[in-house]
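Protein chains: 2
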Amino acid sequence: MPEQTNVSSKAAHTVSAYDEELQFLMRRIAEMGGVAERMVEESITALMNSDVGLSQKVISDDLLVDEAERQIGEKAVSIIARRQPMASDLRDIIASIRIAADLERIGDMAKNIAKRVIAVEGLAQPKKLLRGLEHLSELALTQLKEVLDACATRSAELAKAVRERDEEIDAIYTSLFRELLTYMMEDPRNITACTHLLFCAKNIERIGDHATNIAESVYYMTTGIQPENERPQGDETSSVAVTVDGK
Amino acid sequence: MPEQTNVSSKAAHTVSAYDEELQFLMRRIAEMGGVAERMVEESITALMNSDVGLSQKVISDDLLVDEAERQIGEKAVSIIARRQPMASDLRDIIASIRIAADLERIGDMAKNIAKRVIAVEGLAQPKKLLRGLEHLSELALTQLKEVLDACATRSAELAKAVRERDEEIDAIYTSLFRELLTYMMEDPRNITACTHLLFCAKNIERIGDHATNIAESVYYMTTGIQPENERPQGDETSSVAVTVDGK
Numbered sequence: 001m002p003e004q005t006n007v008s009s010k011a012a013h014t015v016s017a018y019d020e021e022l023q024f025l026m027r028r029i030a031e032m033g034g035v036a037e038r039m040v041e042e043s044i045t046a047l048m049n050s051d052v053g054l055s056q057k058v059i060s061d062d063l064l065v066d067e068a069e070r071q072i073g074e075k076a077v078s079i080i081a082r083r084q085p086m087a088s089d090l091r092d093i094i095a096s097i098r099i100a101a102d103l104e105r106i107g108d109m110a111k112n113i114a115k116r117v118i119a120v121e122g123l124a125q126p127k128k129l130l131r132g133l134e135h136l137s138e139l140a141l142t143q144l145k146e147v148l149d150a151c152a153t154r155s156a157e158l159a160k161a162v163r164e165r166d167e168e169i170d171a172i173y174t175s176l177f178r179e180l181l182t183y184m185m186e187d188p189r190n191i192t193a194c195t196h197l198l199f200c201a202k203n204i205e206r207i208g209d210h211a212t213n214i215a216e217s218v219y220y221m222t223t224g225i226q227p228e229n230e231r232p233q234g235d236e237t238s239s240v241a242v243t244v245d246g247k
Numbered sequence: 001m002p003e004q005t006n007v008s009s010k011a012a013h014t015v016s017a018y019d020e021e022l023q024f025l026m027r028r029i030a031e032m033g034g035v036a037e038r039m040v041e042e043s044i045t046a047l048m049n050s051d052v053g054l055s056q057k058v059i060s061d062d063l064l065v066d067e068a069e070r071q072i073g074e075k076a077v078s079i080i081a082r083r084q085p086m087a088s089d090l091r092d093i094i095a096s097i098r099i100a101a102d103l104e105r106i107g108d109m110a111k112n113i114a115k116r117v118i119a120v121e122g123l124a125q126p127k128k129l130l131r132g133l134e135h136l137s138e139l140a141l142t143q144l145k146e147v148l149d150a151c152a153t154r155s156a157e158l159a160k161a162v163r164e165r166d167e168e169i170d171a172i173y174t175s176l177f178r179e180l181l182t183y184m185m186e187d188p189r190n191i192t193a194c195t196h197l198l199f200c201a202k203n204i205e206r207i208g209d210h211a212t213n214i215a216e217s218v219y220y221m222t223t224g225i226q227p228e229n230e231r232p233q234g235d236e237t238s239s240v241a242v243t244v245d246g247k
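Taken in sequence, the protein lines are chains P and G. The numbering of the first sequence is the working numbering, which starts it at 1 and goes up by one. The numbering of the second sequence is the working numbering, which starts it at 1 and goes up by one.
Be careful, since some hints might not be right.
[To be verified] Calculated pairs, DSSO-like style, for lysine-lysine (alpha carbon to alpha carbon, straight line, at most 30 Å): (1) P:LYS75 / G:LYS75; (2) P:LYS202 / G:LYS75; (3) P:LYS145 / G:LYS202; (4) G:LYS75 / G:LYS57; (5) G:LYS145 / P:LYS128; (6) G:LYS202 / G:LYS128; (7) G:LYS127 / G:LYS202; (8) P:LYS202 / G:LYS57; (9) P:LYS75 / G:LYS160; (10) G:LYS202 / P:LYS127; (11) P:LYS202 / G:LYS202; (12) G:LYS128 / G:LYS145; (13) P:LYS57 / P:LYS145; (14) P:LYS160 / G:LYS128; (15) P:LYS128 / P:LYS145; (16) P:LYS57 / P:LYS75; (17) G:LYS160 / G:LYS75; (18) P:LYS128 / P:LYS202; (19) P:LYS57 / G:LYS202; (20) P:LYS145 / P:LYS202; (21) G:LYS145 / G:LYS202; (22) G:LYS145 / P:LYS202; (23) P:LYS75 / P:LYS160; (24) G:LYS127 / G:LYS160; (25) P:LYS57 / P:LYS127; (26) P:LYS75 / P:LYS128; (27) G:LYS202 / G:LYS57; (28) P:LYS202 / G:LYS127; (29) P:LYS160 / P:LYS202; (30) G:LYS160 / G:LYS145.
[As the list claims (entries may be wrong)] To be clear about the criterion: a stretch of chain P counts as covered by chain G if any three or more of its residues have a C-beta under 8 Å from a C-beta of chain G, and this derived list gives those stretches: (31) 89-103; (32) 110-116; (33) 174-186; (34) 194-200.
[Unchecked claim] Over 12 Å on every C-beta distance to chain P, these chain G residues come out as not near it, computed from the model: (35) GLY34; (36) MET48; (37) PRO126; (38) ARG189; (39) THR237.
Simulated from the structure, these hints should not be mistaken for lab results. By construction, the Cβ of each residue, glycine as well, lies at the ideal position given by its N, Cα and C atoms.
Taking the hints into account, I'd like the entire structure generated from these sequences.
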C-alpha cells in the first residue's frame with residue numbers, strides 16, 4: 001500500500017522526528033496500560049491466595065505508573081510547546097495526558113487492593129464473596145484490556161462498546177455490596193474482613209469507571225467529539241439499605 | 001507600578017483577545033471551584049440534618065460542574081490550537097484542564113455523599129460519628145478553599161502548604177474508620193448506616209486528595225516544576241484491623 005493512502009500516518013506534517021515523538025507518546029501509553037493491567041491482575045490474585053509477597057510487588061510497581069504518568073505529561077507539554085501541533089495531533093496529545101491520568105489512578109486502585117491483602121490475611125473471608133470479587137474483577141479487566149486495544153487501534157467503535165458496558169460492572173458491584181452487608185450482620189467477626197473486601201469491590205468498580213473515562217478519551221481522540229457526560233451512572237449502592245432481618 | 005515590571009502580566013504576547021481567552025479559563029476555574037465547594041458544604045449539611053431536599057439539590061448541581069469541565073477542556077484545546085501559546089501560558093492551560101478534572105471529581109464525591117443522605121435517612125446514626133465526619137469535612141473544605149485561593153492568586157507557597165497538610169485529613173479519616181468498625185461490631189443494626197457513613201468518610205478523604213492534586217497543578221502552573229509524586233500517601237485504613245473484642 002502506498003504511504004499516502006495510509007490515513008493513520010496523517011501525512012500533512014513532514015517532520016519525521018515529530019512523528020516519532022507522537023508515536024513515543026502512544027507507545028508509552030500502551031506500556032503504561034500493560035503495567036496497570038498486570039497490577040490489577042496481580043492484586044486480585046494476591047487477594048484470592050492471601051499472597052502477601054505478590055501484594056508487596058504490586059505496591060512497589062505503583063511507582064512505575066506514577067513515573068510513566070509524569071513522563072507522558074512532560075513529553076506531551078514539550079511536544080505542544082515546540083511543535084505547534086495541528087488539531088488532530090493536538091487531540092492525540094491531550095488525550096494522552098488524560099489517559100495517563102486514568103491509568104495512574106488504576107495503579108492506585110490496584111495498590112489499595114494489594115494493601116488490603118495484608119489487612120485481611122488470617123481473617124475469615126467467605127469463599128462466596130471472594131468468588132464474587134473475582135468475577136467483578138474479571139469484568140473490569142476485560143474493560144481495561146479492550147479500552148487499551150481501542151486506544152492502540154484507534155477504534156472509536158470499540159471505545160463506544162466499552163463505555164456502554166460499564167453498567168454491567170455496576171450491577172454486579174451493587175449485588176456484592178448487599179451480600180457483604182448481609183455477611184457482616186450475620187456475624188460481627190466478619191465485619192473487619194468484609195469492610196476491607198467492600199473497599200476492594202469499590203476499587204474494582206472504580207477501575208471500571210476509569211476504563212470508561214479512557215474510552216471517552218479514545219473516542220474524543222479518534223472522532224474529535226467529546227461524548228456527553230450523561231453516561232450510565234456508576235455506583236448505585238449509595239441507595240442500598242439492608243436491615244438486620246434481611247429486608 | 002509600571003506595567004512591564006508586573007511579572008504576572010506576561011507582557012510578551014500582545015494580542016489582547018488572547019489575554020482575555022486565558023483570563024476566561026481562570027475565571028471559569030474559579031467559578032467551577034466555587035460551585036464544587038458549595039456542593040461539598042451542602043452535602044455535609046444535608047447529611048448532618050437528614051435534609052433530603054438539600055441532598056437532591058446537590059445531586060442536580062453536579063451537572064453544572066460536569067458542564068464546566070467540558071467547557072474548560074474545549075476552550076483550552078481551542079486556545080492551544082489557535083494561539084500556539086508559549087511555555088508559561090501553555091502551563092496555565094494544561095493546568096486548567098487538570099484542575100477542572102479534579103473539581104469535576106470533587107463534585108462527584110459531593111453527589112455521592114448526597115445520595116447516601118437518602119439511604120441513611122431514618123436509620124440510627126451515632127451522633128459522635130456524625131461529629132467526626134463533620135470535623136473531617138471541615139478540614140477537607142479548608143484545603144479546598146485554600147487551594148482555590150492559591151490558584152486565584154497564583155501562589156506556589158500556598159499550594160505547597162495545602163499539599164503538606166493532607167496528612168492531617170488522612171490521620172482523622174483512619175481514626176474515624178476504626179470507630180465506624182467498632183460501632184458496627186457493637187450492634188449489627190448499625191451496619192447499614194455505618195457502611196454508608198464509611199463511604200461518606202472515604203469520599204471526604206478523597207476530596208482532600210483532589211485538593212492536593214490541584215495544589216500540585218497550581219505549583220506546576222506557577223513554577224514550571226512538577227512536584228515529585230512522593231507525597232504523604234493517603235488512606236492508611238487499608239491496614240487497619242479491628243476485632244470484635246476491640247483489639
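G:LYS145 and G:LYS202: Cα distance at most 30 Å?
-> Given pair G:LYS145, G:LYS202 holds - Cα atoms ~19 Å apart, limit 30 Å.
Would the pair P:LYS57 and P:LYS127 pass a check requiring their Cα atoms to be no farther apart than 30 Å?
-> Roughly 24 Å separates the two Cα atoms, so the pair holds.
Are the Cα atoms of P:LYS128 and P:LYS145 separated by 30 Å or less?
-> Between P:LYS128 and P:LYS145 the Cα gap is close to 26 Å, so the pair holds against 30 Å.
Within 30 Å, alpha carbon to alpha carbon, are P:LYS75 and G:LYS160?
-> Within the cut-off at roughly 24 Å; holds.
Take a quick look at G:ARG189 and tell me if its Cβ sits farther than 12 Å from every Cβ on chain P, holds or violated.
-> violated (5 Å)
Going straight from one Cα to the other, do P:LYS75 and P:LYS128 come out at no more than 30 Å?
-> violated (46 Å)
Could you check that no beta carbon of chain P comes within 12 Å of the beta carbon of G:PRO126?
-> holds (15 Å)
Under the criterion that the straight-line Cα-Cα distance not exceed 30 Å, is the pair G:LYS145, P:LYS128 satisfied?
-> With Cα atoms ~44 Å apart, G:LYS145 and P:LYS128 exceed 30 Å; violated.
Is the Cα-Cα distance between G:LYS202 and G:LYS128 30 Å or less?
-> Within the cut-off at roughly 17 Å; holds.
Closest CB of chain P to the CB of G:THR237 still more than 12 Å away | violated (8 Å)
Hinted pair G:LYS128 and G:LYS145, Cα distance within 30 Å = Distance ~26 Å between G:LYS128 and G:LYS145 Cα, so the pair holds.
Take the C-alpha atoms of P:LYS57 and P:LYS145, compute the straight-line distance between them, and say whether it is at most 30 Å.
-> holds (21 Å)
When held up to the earlier numbered hints, the structure conflicts with 2, 5, 14, 24, 26, 38 and 39 and fits the remainder.
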